[in-house]
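Trainee: Two chains, two frames, some hints: make the complex.
Protein sequence lines, in the order shown, are assigned to chains P and Z.
The first sequence runs 7 to 335 under my numbering.
The second sequence runs 41 to 377 under my numbering.
Don't read these hints as lab results, they were simulated from the structure.
Beta carbons are placed, not taken as given, at the ideal position from N, Cα and C, and that holds for glycine.
The reader is advised that the hints may include incorrect statements.
Residues from chain Z shown here face chain P by an in silico Cβ test under 10 angstroms; the list is partial [what the hints assert, rightly or not]:
1) 140
2) 148
3) 193
4) 194
5) 325
Label-pair distances were calculated between CB atoms; the ranges are [stated by the list, open to error]:
6) Z:280 <-> P:312: 55 to 63 angstroms
7) P:225 <-> Z:213: 20 to 28 angstroms
8) Z:87 <-> P:248: 53 to 61 angstroms
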Amino acid sequence: MPRALITGITGQDGSYLAELLLEKGYQVHGAVRRTSNLDRSRLHHLYRDAAIYGKRLFLHYAELDDATTFRRVLMKSAPDEVYHLAGQSHVGLSFEIPESTCDMTAMGTLRLLEIIRDLPQRPKFFHASSSEIFGQPAQSPQDESTSFAPVNPYGCAKAFATQMVSVYRQTFGLFAVNGIMYNHESPRRGENFVTRKICRAAAAIRLGQQKELPLGDTTARRDWGDARDYVRGMWLTLQHERPEDFILATGQLHSVQDVVETAFAAAGLDWKNFVKQDARLLRPAEPMRLLGNAGKAKRLLGWEPQTPFRTLIEEMTRVELAALSESSK
Amino acid sequence: MSKKALITGITGQDGSYLAELLLSKGYEVHGIIRRASTFNTGRLDAIYQDPHESHRRLFLHYGDLADASALARLISKIQPLEIYNLAAQSHVRVSFDAPEYTTDITATGTVRLLEAIRETGINPRFYQASSSEMFGLVQEVPQRETTPFYPRSPYGCAKVYSHWITVNYRESYGLHASSGILFNHESPRRGETFVTRKITRALARIQAGLQQKLFLGNLDAKRDWGFAKEYVEAMWLMLQQEKPDDYVIATGETHTIRDFLDAAFGHAGLDWQKHVEIDPRYYRPAEVELLIGDASKAKRQLGWEPKTKFADLARLMVDADIQLLSDQLSGKVKSND
Numbered sequence: 007m008p009r010a011l012i013t014g015i016t017g018q019d020g021s022y023l024a025e026l027l028l029e030k031g032y033q034v035h036g037a038v039r040r041t042s043n044l045d046r047s048r049l050h051h052l053y054r055d056a057a058i059y060g061k062r063l064f065l066h067y068a069e070l071d072d073a074t075t076f077r078r079v080l081m082k083s084a085p086d087e088v089y090h091l092a093g094q095s096h097v098g099l100s101f102e103i104p105e106s107t108c109d110m111t112a113m114g115t116l117r118l119l120e121i122i123r124d125l126p127q128r129p130k131f132f133h134a135s136s137s138e139i140f141g142q143p144a145q146s147p148q149d150e151s152t153s154f155a156p157v158n159p160y161g162c163a164k165a166f167a168t169q170m171v172s173v174y175r176q177t178f179g180l181f182a183v184n185g186i187m188y189n190h191e192s193p194r195r196g197e198n199f200v201t202r203k204i205c206r207a208a209a210a211i212r213l214g215q216q217k218e219l220p221l222g223d224t225t226a227r228r229d230w231g232d233a234r235d236y237v238r239g240m241w242l243t244l245q246h247e248r249p250e251d252f253i254l255a256t257g258q259l260h261s262v263q264d265v266v267e268t269a270f271a272a273a274g275l276d277w278k279n280f281v282k283q284d285a286r287l288l289r290p291a292e293p294m295r296l297l298g299n300a301g302k303a304k305r306l307l308g309w310e311p312q313t314p315f316r317t318l319i320e321e322m323t324r325v326e327l328a329a330l331s332e333s334s335k
Numbered sequence: 041m042s043k044k045a046l047i048t049g050i051t052g053q054d055g056s057y058l059a060e061l062l063l064s065k066g067y068e069v070h071g072i073i074r075r076a077s078t079f080n081t082g083r084l085d086a087i088y089q090d091p092h093e094s095h096r097r098l099f100l101h102y103g104d105l106a107d108a109s110a111l112a113r114l115i116s117k118i119q120p121l122e123i124y125n126l127a128a129q130s131h132v133r134v135s136f137d138a139p140e141y142t143t144d145i146t147a148t149g150t151v152r153l154l155e156a157i158r159e160t161g162i163n164p165r166f167y168q169a170s171s172s173e174m175f176g177l178v179q180e181v182p183q184r185e186t187t188p189f190y191p192r193s194p195y196g197c198a199k200v201y202s203h204w205i206t207v208n209y210r211e212s213y214g215l216h217a218s219s220g221i222l223f224n225h226e227s228p229r230r231g232e233t234f235v236t237r238k239i240t241r242a243l244a245r246i247q248a249g250l251q252q253k254l255f256l257g258n259l260d261a262k263r264d265w266g267f268a269k270e271y272v273e274a275m276w277l278m279l280q281q282e283k284p285d286d287y288v289i290a291t292g293e294t295h296t297i298r299d300f301l302d303a304a305f306g307h308a309g310l311d312w313q314k315h316v317e318i319d320p321r322y323y324r325p326a327e328v329e330l331l332i333g334d335a336s337k338a339k340r341q342l343g344w345e346p347k348t349k350f351a352d353l354a355r356l357m358v359d360a361d362i363q364l365l366s367d368q369l370s371g372k373v374k375s376n377d
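Just chain Z, same shape as in the assembly (with noise of 0.2 angstroms):
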């Protein structure tokens, strides 16, 4: 019998791809997604399999980390081998505008989970998609998973909380409980409006003729910028150790929001100076430093190492986002706009 693995954000970039390189790897993926009015598995539609079919081995259910019976429900019936935790509201500036519900979810959500484990008697392994954003104002530079943490938005503040229990969680009870803390990954499934897919997607249309400007916030923003695909590998190689431990996962190397848009324009052949427009709404009340991870300790006890360097990241989501948006105006696959 294949391995059970359960996945919360599933629908999500990084869910998707580790739903994909589960199956891959012969597991029975369950995901919980949430209910809502508009479809939102659109990033699932090359793994999903009619619930009609014989032999699935992915299977969605209805959940949020918001309704503790729901979760404890789902985990005692799939009874999972490996469960990764990365569902949350995962927008920082949107987390000064909801604190309460980013908090609900990304903090309250996590303890509801590992209490839904321990309250079930079965003992999986768990991992917890903890983030760059905790060390916030950084306290060294490059941060590792020594780096004490201090965050400066409601959702680093909620990846902490979620972060500490997890480890006190593994303390406490014995649980297998590691922590990724991530620095950012981004791929063309990243969400609209996240600023890296944001500038690629806007990259395409300008390049089609339909659209003129893109505003964006703070170009002087510097941070660390993996491939999303590469990451949920790490993440699988955690729960693969015997023991338990935290990962600092990053490519070392940081850029700025300008640097992106050279690479991505520049590809593209196109001047973002004539195109691109600062609108102060976008910035973040407080903005994070210099944000760059050492993931050296993944390297050596994990044998992780990140591959797709910036320009190459930039390169094949602006390329994806063209393909995309060729795709869309040819009647090919549905534009979600």
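If we strip away everything but chain P, and leave its shape as in the complex, we get (with noise of 0.2 angstroms):
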């Protein structure tokens, strides 16, 4: 039985690789950081699961700064592929926190690497890298060959990250592999999201629960795609012969007031009666013209992303609605 590491693995991509990964036959360990709300929502299903959770999922708690622990966990679950989805992954938040931002992100990145250098028997490494790292792209849309430009602390910190996989792979030959990714939702998005927050808003306000949505810059437009489209990207990497970087996007771009008026129309709302532009948030530096350009994984891992637009949007906002209208009972 292949075994996993999944660093991240109670975000939205790492509770939909665990489930990609069980359904193919691997044995799945997680790392989660101890908090005093013990939220794995995302992995309920699982953890439930007498037949899954202590037989084929195993969670591990470890957090990125804290290198021996990780050194132990890659020790006993002795991985043949390591899943490195873990980080602080806001990028507005990134403003607020971006020391931590850069020590979870950058060099949280780094430790692992420098764990996994040392390993007698090297897993495969995969790092979940970002759109972000083009910040003001001077080429649209960009592949793998387009130079970083990050203009947020996110940013910066995803872009040392993949330069640092792109080192180590070189340098110490190992099997590292950077996914740059363009933003990818699913219901299971944060809730501080632009895009869940539009589709729980509208599932709000149709349900009486909310009266009004304020948001920044609706101009604001980026490649968005299924997040499950996205986690079966990263397994392909992992299989492919070499360690290469792949950009995984869909190569369309819809702006945040498409994804009101998907969203609002279906909750079965006029959404100029709800949303209010506030300048609060707005972000510092704002990208633009992030498009993706996922030729060379369609070529040589085959993979194209299959969830249009405006399915994925409707789907979150049908989520949110039957979620809403079930806790208010």
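Mentor: Structure, rendered in structure tokens:
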């Protein structure tokens, strides 16, 4: 049975990836941080399944700033593949807590690379990189050869981690891969990310639990995909014969306004009556023109995103409607 | 009242030259030094002033780029008009041995400092010491401000992070933050583990009959080498501009380590081939390619130009190390061997 270790397993991508790997017959280990509120809602269904938890799914306490514990977890779980998804991943928040963003997202990745470098059996390593490394790109769409130009603390930290993965691949021969992923959403997206926030608000307004939705700049456009397509891409990169970097993206741009209109329509509402502009939600430096060309992933991995934008936002809104009407009962 | 400047890395080669330059321009200079059980202020001996002297213009404070609270406290206490961030784990080969520490100081240390500045609400001008190592596997020759980065070492990755986070604080918060992308710069004060200084120091000892062999790594590595004393002037000039910007500081000439051996040993009338041996331990795991800088923007906008050329630099370093060794042997100065 192949073994995998996932950092960030409690997050959107980690939970989908855990499901995918379990389905493929892996034994899955996850690193979780200790918090006083045991919020692992995205893993509940797996955690409660007696056939899975403790048999094919194992969770270990480990923090990215604690190298010794991580070394111990890696020695103990002896994975064939490591998927490094953990990180302070909220761009807006990275302006408020830049130091810890750097410590977790940049330094945390380096600590893992250092541990793996010393392991007797080195696992393959996937690093969840981000389109934010391109910031204000000189070309659009971006591909694997586009130069980095990050414009926020999160992007700077991710760019560091991405370059360090390349250095360890070239210098120490690690099978280490950067998946440079564009925005990817799902019903499990964190509640402070804009797509989830909009879908949730549309549902809450529909159910009379909320009156309006304040938003920053709605003209901002993003390349938005479905997280479930992206975790499949992660797995494929580690099955490729050589370690290489891959862009994972849809190649299509939609604006925040498109999300608003689709979500409110899915909730049976006219967005114009509910959305309010709020300058406080504007980012200090807004990245533009982030659009990915995933041609290489298609060519070498046979990977392509399958869920169209509209379908994704409609599903997210439906799930919110169901969850909110359930919880208000 | 004189202008106040704060220098991190003041005990280093560049920091000590910069402190001298700023003192000569009438600044009150503050430096952050790390506590160590051995004295680390040797390069500041010439300008050091006893704390009991009145009218002091040089002040040293204990601190560390790893210690965010100390940084915030110092900045708020000193209220400097200019901050020069020169501190780093700056040795490329060592960054492969201690990558986490290198990153903590060279990358995270910069964002700690920028955060401390933002936190205290003062609005100083900020200089970030960027490095040609950011170009690593060079994407164009010569390298200029717009050349994409391709770092090849943990040190290079950490410096790229610091460069970008500096640009980010300039764009996001309007900080007058400039980044000087300095190519290699040497001097008699260069650290003893860097190749140029290692050569000139060994040469002095070989000439004095105290040493026979000198072990080196890759002799074909090419670098753009300038004189540190001139490079710190460029740092100061960047912070005097109306607008913050990024500048490449370089000589525009490239030479191999072999060339440096020729120039240095030739000046002392010795044949390096009789003394130099290759030790693969000194090879870097990944070597950087043809580093050669185009400093035309600095010339145009700052009026800065390198004056000391390669052969003169080698000669002045040889002369200084021969003098230093003879002073040590005669007991005039203390040896730190």
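Trainee: Are the hints correct? Go through all of them and say.
Mentor: Hint-by-hint comparison with the structure:
1. At its closest, the beta carbon of residue 140 of chain Z sits 6 angstroms from a beta carbon of chain P; the interface hint therefore holds under the 10 angstroms criterion.
2. A distance limit of 10 angstroms between C-beta atoms decides the matter here; for residue 148 of chain Z the minimum to chain P is near 5 angstroms, and the interface restraint holds.
3. Because the closest C-beta pair between residue 193 of chain Z and chain P is about 7 angstroms apart, less than 10 angstroms, the hint holds.
4. For residue 194 of chain Z, the interface hint holds, since its Cβ comes within 10 angstroms of a Cβ in chain P; the closest pair sits about 7 angstroms apart.
5. The restraint placing residue 325 of chain Z at the interface with chain P holds, with a minimum CB-CB distance near 4 angstroms, inside the 10 angstroms limit.
6. For residue 280 of chain Z paired with residue 312 of chain P, a C-beta distance near 57 angstroms keeps the hint of 55 to 63 angstroms intact.
7. Range check, residue 225 of chain P to residue 213 of chain Z: Cβ separation about 23 angstroms, and the 20 to 28 angstroms hint holds.
8. Range check, residue 87 of chain Z to residue 248 of chain P: about 55 angstroms between beta-carbon atoms, so the 53 to 61 angstroms window is met.
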